[in-house]
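Q: Read off the chains here:
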Amino acid sequence: MEIITSIKPILAIAVSLGAAVLILLTGEKARNLRETWTIIAATAKFLIVASMLPQILDGKVIEYTLVSIAPGLSVQFRVDALGIFFGLTASFLWIITSFYSIGYVRSSNENSQTRYFMCFAVALSATMGVAFSANMFTTFLFYEIITVCTFPLVGHKETPEALKGAKRYLTYLLGTSVAFQLLAVILTYHTAGTLDFSNQGIMSAARARGVSDAFLTVIFVLYMAGITKAAMMPFHSWLPAAMVAPTPVSALLHAVAVVKTGVFVAVKIVLHIFGVDLLRQLGLGTALAYFASFTIIVASVIALKQDNLKRRLAYSTVSQLSYVILGVALLSPSGITGSIMHIVIHAFGKITLFFTAGAIYIAAHKTEINQLDGIGKKMPFTMAAFTVGALSMIGIPPIGGFISKWYIAIGSIEAHELPVILVIMTSTILNACYFLPIVYAAFFKEPKPEHDTHHSHSDQMTSPPLTSPLVKGGNGGVHEAPAMMVVPLVLTAAGAIALFFAPSTFLELAKIVVSSVTGGN
Amino acid sequence: MNIPAQAPALIIIIPLLSSLINILLGMWRRNLCYPFALIVLASSVLLAFNLMNTVISTGIIHYRIGGWTPPWGIEYVIDHLNAFIAVIVTTMSFIVSVYSKRSIEKELRADKIPYFYTTYLLLTTGLLGITVTGDVFNIYVFLEITSLAGYALIAIGDEKAPMASFNYVVMGTIGACFYLLGVGYLYIMTGSLNMADLQRLLPDLYGSTVILVAFAFFLIGVSIKIAFFPLHTWLPNAYTHAPSAVSALVASTMTKVGAYVMIRITFTVFEPRFSSEIIPMTSILGWSSVLAIISGSILALAQTDFKRTLSYILIAEVGYIVMGLSVGNRSGFTGSVLHILNDAFMVACLFMVAGAVVYKKGSRNLDDFRGLNKSMPFTMAAFGIAAISMIGVPPTAGFFSKWYLVLGAIEAGQWVFAGALLFSSLVNAVIFVRILEKVYFSGNGENPAPSRDEVPLSMLSPVVFMAACILVLGFYSGDIISSVIQYTVPKGF
Numbered sequence: 034m035e036i037i038t039s040i041k042p043i044l045a046i047a048v049s050l051g052a053a054v055l056i057l058l059t060g061e062k063a064r065n066l067r068e069t070w071t072i073i074a075a076t077a078k079f080l081i082v083a084s085m086l087p088q089i090l091d092g093k094v095i096e097y098t099l100v101s102i103a104p105g106l107s108v109q110f111r112v113d114a115l116g117i118f119f120g121l122t123a124s125f126l127w128i129i130t131s132f133y134s135i136g137y138v139r140s141s142n143e144n145s146q147t148r149y150f151m152c153f154a155v156a157l158s159a160t161m162g163v164a165f166s167a168n169m170f171t172t173f174l175f176y177e178i179i180t181v182c183t184f185p186l187v188g189h190k191e192t193p194e195a196l197k198g199a200k201r202y203l204t205y206l207l208g209t210s211v212a213f214q215l216l217a218v219i220l221t222y223h224t225a226g227t228l229d230f231s232n233q234g235i236m237s238a239a240r241a242r243g244v245s246d247a248f249l250t251v252i253f254v255l256y257m258a259g260i261t262k263a264a265m266m267p268f269h270s271w272l273p274a275a276m277v278a279p280t281p282v283s284a285l286l287h288a289v290a291v292v293k294t295g296v297f298v299a300v301k302i303v304l305h306i307f308g309v310d311l312l313r314q315l316g317l318g319t320a321l322a323y324f325a326s327f328t329i330i331v332a333s334v335i336a337l338k339q340d341n342l343k344r345r346l347a348y349s350t351v352s353q354l355s356y357v358i359l360g361v362a363l364l365s366p367s368g369i370t371g372s373i374m375h376i377v378i379h380a381f382g383k384i385t386l387f388f389t390a391g392a393i394y395i396a397a398h399k400t401e402i403n404q405l406d407g408i409g410k411k412m413p414f415t416m417a418a419f420t421v422g423a424l425s426m427i428g429i430p431p432i433g434g435f436i437s438k439w440y441i442a443i444g445s446i447e448a449h450e451l452p453v454i455l456v457i458m459t460s461t462i463l464n465a466c467y468f469l470p471i472v473y474a475a476f477f478k479e480p481k482p483e484h485d486t487h488h489s490h491s492d493q494m495t496s497p498p499l500t501s502p503l504v505k506g507g508n509g510g511v512h513e514a515p516a517m518m519v520v521p522l523v524l525t526a527a528g529a530i531a532l533f534f535a536p537s538t539f540l541e542l543a544k545i546v547v548s549s550v551t552g553g554n
Numbered sequence: 121m122n123i124p125a126q127a128p129a130l131i132i133i134i135p136l137l138s139s140l141i142n143i144l145l146g147m148w149r150r151n152l153c154y155p156f157a158l159i160v161l162a163s164s165v166l167l168a169f170n171l172m173n174t175v176i177s178t179g180i181i182h183y184r185i186g187g188w189t190p191p192w193g194i195e196y197v198i199d200h201l202n203a204f205i206a207v208i209v210t211t212m213s214f215i216v217s218v219y220s221k222r223s224i225e226k227e228l229r230a231d232k233i234p235y236f237y238t239t240y241l242l243l244t245t246g247l248l249g250i251t252v253t254g255d256v257f258n259i260y261v262f263l264e265i266t267s268l269a270g271y272a273l274i275a276i277g278d279e280k281a282p283m284a285s286f287n288y289v290v291m292g293t294i295g296a297c298f299y300l301l302g303v304g305y306l307y308i309m310t311g312s313l314n315m316a317d318l319q320r321l322l323p324d325l326y327g328s329t330v331i332l333v334a335f336a337f338f339l340i341g342v343s344i345k346i347a348f349f350p351l352h353t354w355l356p357n358a359y360t361h362a363p364s365a366v367s368a369l370v371a372s373t374m375t376k377v378g379a380y381v382m383i384r385i386t387f388t389v390f391e392p393r394f395s396s397e398i399i400p401m402t403s404i405l406g407w408s409s410v411l412a413i414i415s416g417s418i419l420a421l422a423q424t425d426f427k428r429t430l431s432y433i434l435i436a437e438v439g440y441i442v443m444g445l446s447v448g449n450r451s452g453f454t455g456s457v458l459h460i461l462n463d464a465f466m467v468a469c470l471f472m473v474a475g476a477v478v479y480k481k482g483s484r485n486l487d488d489f490r491g492l493n494k495s496m497p498f499t500m501a502a503f504g505i506a507a508i509s510m511i512g513v514p515p516t517a518g519f520f521s522k523w524y525l526v527l528g529a530i531e532a533g534q535w536v537f538a539g540a541l542l543f544s545s546l547v548n549a550v551i552f553v554r555i556l557e558k559v560y561f562s563g564n565g566e567n568p569a570p571s572r573d574e575v576p577l578s579m580l581s582p583v584v585f586m587a588a589c590i591l592v593l594g595f596y597s598g599d600i601i602s603s604v605i606q607y608t609v610p611k612g613f
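Chain order of the listed sequences is A and B.
If you read the first sequence in our numbering, its first letter stands for residue 34, the second for the next number, and so on.
If you read the second sequence in our numbering, its first letter stands for residue 121, the second for the next number, and so on.
Quick caveat, the hints were computed from the structure, so don't treat them as lab data.
There could be a bad hint or two in this list.
BS3-like cross-link-like pairs, simulated, lysine-lysine; straight-line CA separation at most 30 Å [stated by the list, open to error]:
(1) B:K481 to B:K280
(2) A:K197 to A:K399
(3) B:K226 to B:K558
(4) B:K232 to A:K200
(5) A:K410 to A:K338
(6) B:K481 to A:K200
(7) A:K544 to A:K338
(8) A:K93 to A:K197
(9) B:K226 to B:K481
(10) A:K190 to A:K62
(11) B:K481 to B:K558
(12) B:K226 to A:K62
(13) A:K338 to A:K190
(14) B:K494 to A:K197
(15) B:K280 to B:K611
(16) B:K558 to B:K232
(17) B:K494 to A:K62
Computed from a predicted structure; not experimentally measured.
Excised from the complex, chain B in its bound form:
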């Protein structure tokens, strides 16, 4: 079998089947689940990079499931944007899975571990499905797979997790319904579910109220899924009370894939012309993202729980991404797509640091970060790098996406947007400096410095790897833009 030719299907099928096999494997030998999941996810990473390579060298991949021709059959279409997102999703899943072993052993009952990895693989399957498919209904299917897996993973967290997860279920279901209604309306009007087909059919119908309503439903549905302010309320609780490894995974991938869906709907299914001229998307999404950024930042400032702080920062970061899309120019869009990558790394790194502190200190409270540089120097160094990147200090990766986002806002003449981005950088600076100060400057005069007490290597190395990536990725921003991101920019920008 020609593996590269089948890669678009394999990238879904392998984790999907593996998640089922994993249950059986767990019944036989519980401790095999972890290595099995690692192998599966590693192969997904390879497949994703393979897809990326194919796209870069030969162009867009069209893959017809079962050989059915598009408007009727399901088609997987992989262009630069999908491949890019697939690489992010698989990489995050793989790295977090490496990290998960010890963290999960500490936080979960042993008999839950096989199910954890089963659900974990299912979540990855869903995310990848959303990413590779070229069919709006198929997105809905995978969206539900992702969400269901996500609800389950979040619910196995601490004692408050079931309630947080239930909230998420309610909100997530509403979001999914909105999305599905959007799909239904489009289907009624056009008789098609294929993105390329819709793109061809829709322009004639742009004046139709039904289409406008469908678009609104899409946006609201996706906005709930990515926790876009003011539809964010489910996120902080869910991500705070989930197991650490789950927080790291869902924070770095689910919002990113949601942002991808938003890009697909607003710029592929509908033309940029529709999104920017026929409806005032810049004003609606742009100003909402200003609110998201400012309120997310300020709420983050008010938290004492580290994971909750990160959750609110994530809400602000989602605002960044949406803002970049809404300004409607090349710089802004580039910034958004680049930020999807950078933010995935930063958020994953920070949540893994949170997990490491939970592992050692059993606490998420910011006060317990006091003097941690002595006992966990490597974790804290990684934390410092991720924090600096969040603030947006060069040469870390965070600076470069912020650069393009601010540039995009200025090119669009949206000074308030640019101001909101800089404001959020400042607030991030306050948040992280306060924490770093506790970490580095308060071991003085107290008990003799605690001895080195780092987390196990399987947890430490992913954290350090992420931090190293944050440092290095910045320098490759230009290469990433010129080889991938520039092709994702919609025509007309």
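Looking at chain A on its own, in the form it has when it is part of the complex:
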């Protein structure tokens, strides 16, 4: 494998850090300039990441050591196929989310917008840091930075409810990572003598040296318990709680950056810390697969009874994230491929769904599912995009979601884990059960005579002339959210469809990952 030394990974990280500083300096006084920094940084970041793609597709690896602090503790970057896969997904979706964010925070007149955009930029820097990290220390470093800088985003509204959600968010993410993940990292260094990711896994050598299986199992369990960002049960409840955040935050962070960092790190640990062979010998892959299956089913069942749209999406995310874990836990080539593909495919689908939830909130002030009857006529683009996102979650062709499920299903046959297919089928049915009624209600049900909303509306209404145009618009024809929000969600929906027809680049990257970790067979 050819190694190229390049500063590009650092640039990809630094560009949004620089933007964060500029955003802070620009401040509230020059809003448009401030938002320009976000857009420029997002575009530049994506271009930098994309410029590394050809070399990675050639089978090369880009490396850069920023600083070597102490033995085992170096901030080092290595862009490999898996890293760029995640980097591309997150940086591309940041561009779209940036536009959407601007539309959203301005329409809803959010407070502290400077802090909002600044934290967003830092979060994306740290996400790139995780994507491109070459060792577990660097991963842990950026993992923690993500936690710290997204905390203000979750508690953004500063209401007691938001603070409660944010507190739970921080408690889960910081608590488990300090208590379990850090311990696992230190134990890894203690047993393996290194923290560098390797395609064969660094723990297999330790086992050959006589480290007991039970000890390795403990480390593995600590890792899986410590990576709470993957929202595996029983450490999932921070994610629904984090839904108090503004919707763009839920969209990019809790459908893409933060949670995908979790599953990405989990995949890294499976493939690069322990290695496929070792986990197979220890039988931990199967155990993890069943754990993930449990989360998939139970989270879907819980999603069924959520009436709040964002909460239902959150539980759907909990369930879908475990697909990524399930796929990689099968330890078979197709399983790993499906797992990796699901990172991007779920990202596009779920971000679309969150975008639509935000658009519905901004345009129609609705947050509950039972209020959505007939909304498809008022918001046709939004709800069409919602349908695409929902179908992707269910896994119906011709939408991306089908591809990853297909690979994971094949992977389960390769791994001789047939019950997993049953899990996938059950989950598909459950997904359909909690998404399709929304689609049906939106397009085919008549709007409710909304008496209670009307009442509360007129109660609050002190100056009817001010709000009446909005209500009038709501009764009549099309009333979409601002274009700044609708265009992004249509784009991501289109992306979800495109991933079905043209997944080749991503598939190729996934194949490179698979062949490197399974030694080509």
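Given chain A, work out where chain B should sit, using these hints.
A: Okay, now just chain B, sitting in the frame of chain A:
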């Protein structure tokens, strides 16, 4: 005169004489005391760095006071560890003295200010004396100078300070007595007070009960001085009621120098073999430090007074340092020494933040931190960094010492120790997140945001400097370890 050659003596003599000159200066022109103290302490910093450089480039410095040869005369011995501690002590003293001016003007009567700086310099003298000397009795002398200066400085705090200081006097004196008894027993048995000499003479006597008792006296004496659980009870009151600048100084230096004395006694005067094999030090000190860490953290959680919270955190941090020493391996020891440095910066920064809030709000109560990010953004940003470092989130300095400490505990197979360290990180997270939440998230919906109202530059810049150091030091952990700390690790680890 060849200054570098005389540096080991000058580093004591300059602040000592200056503290006397300072009184006279204060009688003549009161406002000259501050710049004078600054100049003196700045020169101490330079001397300390000079010593450090000499040690790194040419090895251990032996300096004979008055030219008397060791076992009879007093010898100053400066190796990597002393130089390291001297740098920490002088740096902290200097930075806190920069900070002290406005803070003291607010908290003290104007006519007390010359005496404040006199005592301040005396305290620094004592701390440096403990650090550079190679003689166990000389340590006692300087320990008393330090303590007396400390009692005085603490007693000039708020209305409860005299009582807190009195408690400290009682406990501190008991500690000093234990230490002195230890010295006396060793002298009876060996006829020597010189550390190197004792190190040579003692191994033959390891079986002796008197030596065992002497060792126990040493440990108890030092444990009281560093507020090692359960001998910590004097500390929270003393550090809470002292003037803010004093809290920042004593919290960041006195416990650290005490930890240094503990290292010297257990690993230089006595061999590591004695401390780890002949007596079960790992179990005694290690398990006590588990208690220190857990109870310190939990007690910190229960406080509503910011300085008192910090005091209990400090007790837990002392536990960290002692734990690292007790596990008896290279990683643990490295972690301890590194933590002496990191903790000095973190604790000084936090106590200075406390002083800044007292300066502006006149309160130490955590509830008064509400919405402070609007009026004191820089102070609070510095606070945030120090807090994150206390929790141990990379890349702040606190992470790296914690890394080595946990690694050391695991290498020693002491899982409970590692668990206690992580537990304390979690509790710190709860403590600081609760405060930070008040600082950053509760200005909403109330009166129009208060305008910028930062502390004066002479107080703000030390705080920000400390926070910057906390961020930067982490990245140099490896360099610090490879150029200094690795040489301090006792042989046999």
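Q: Could you run down the list of hints and mark each one as holding or not?
A: Status of the hints after comparison with the structure:
| no. | hint | in the structure |
| --- | --- | --- |
| 1 | B:K481 to B:K280 | holds, 19 Å |
| 2 | A:K197 to A:K399 | holds, 22 Å |
| 3 | B:K226 to B:K558 | holds, 25 Å |
| 4 | B:K232 to A:K200 | violated, 46 Å |
| 5 | A:K410 to A:K338 | holds, 25 Å |
| 6 | B:K481 to A:K200 | holds, 27 Å |
| 7 | A:K544 to A:K338 | violated, 38 Å |
| 8 | A:K93 to A:K197 | violated, 46 Å |
| 9 | B:K226 to B:K481 | holds, 12 Å |
| 10 | A:K190 to A:K62 | holds, 20 Å |
| 11 | B:K481 to B:K558 | holds, 15 Å |
| 12 | B:K226 to A:K62 | violated, 36 Å |
| 13 | A:K338 to A:K190 | holds, 26 Å |
| 14 | B:K494 to A:K197 | holds, 22 Å |
| 15 | B:K280 to B:K611 | violated, 46 Å |
| 16 | B:K558 to B:K232 | violated, 35 Å |
| 17 | B:K494 to A:K62 | holds, 16 Å |
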